[in-house]
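*Asks:* Sequence:
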Amino acid sequence: MNRLLDLCSLIDRNATYARDKTAIHFEEQPLSYVSLNRQTERIARAFNQLGVQKGERIAILSFSRPHFLGL
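Reminder that position 21 of the sequence shown reads as 21 in the UniProt record's numbering, one-by-one numbering, no gaps.
Read the hints as simulated data drawn from the structure, not as lab findings. Honestly, I wouldn't trust all of these hints.
As the list claims (entries may be wrong) - The following label-pair restraints were derived from C-beta to C-beta distances:
1. LEU7 with ARG45: 17 to 25 angstroms
2. ARG65 with CYS8: 17 to 25 angstroms
3. PHE63 with ARG3: 19 to 27 angstroms
4. LEU10 with GLY55: 14 to 22 angstroms
5. GLN29 with GLY51: 26 to 34 angstroms
6. LYS54 with GLN29: 16 to 24 angstroms
7. GLY51 with THR22: 28 to 36 angstroms
Where a beta carbon is used, it is the ideal one built from N, C-alpha and C, also for glycine.
Make a model of the complete structure from these sequences and hints.
*Replies:* Here it is, written out as C-alpha cells:
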C-alpha cells in the first residue's frame, strides 16, 4: 500500500535511510537529510521550550531561505 508522507515524516525517514543524500541545494551548498533532520529537531525543541505545543501554528515573515525549511 502506497501512503503519502507529510514533509516531517519524509525528512525523518530519509534521515534514517538516506542519511548523506542531499535534501536541498541552496546557493551551491548542499544540505543532507540527516543535517536537515537535526536542524528540524533543534527548532522543535526551541519552540517547545517557548511553550509552543505540537499542532499549534506559528507565522514567519521572511524571504525564502532554506533555514526555514525545518520549521
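*Asks:* Evaluate each hint against the coordinates.
*Replies:* Results of checking the hints against the structure:
no.	hint	verdict
1	LEU7 with ARG45: 17 to 25 angstroms	18 angstroms, holds
2	ARG65 with CYS8: 17 to 25 angstroms	19 angstroms, holds
3	PHE63 with ARG3: 19 to 27 angstroms	34 angstroms, violated
4	LEU10 with GLY55: 14 to 22 angstroms	19 angstroms, holds
5	GLN29 with GLY51: 26 to 34 angstroms	33 angstroms, holds
6	LYS54 with GLN29: 16 to 24 angstroms	30 angstroms, violated
7	GLY51 with THR22: 28 to 36 angstroms	34 angstroms, holds
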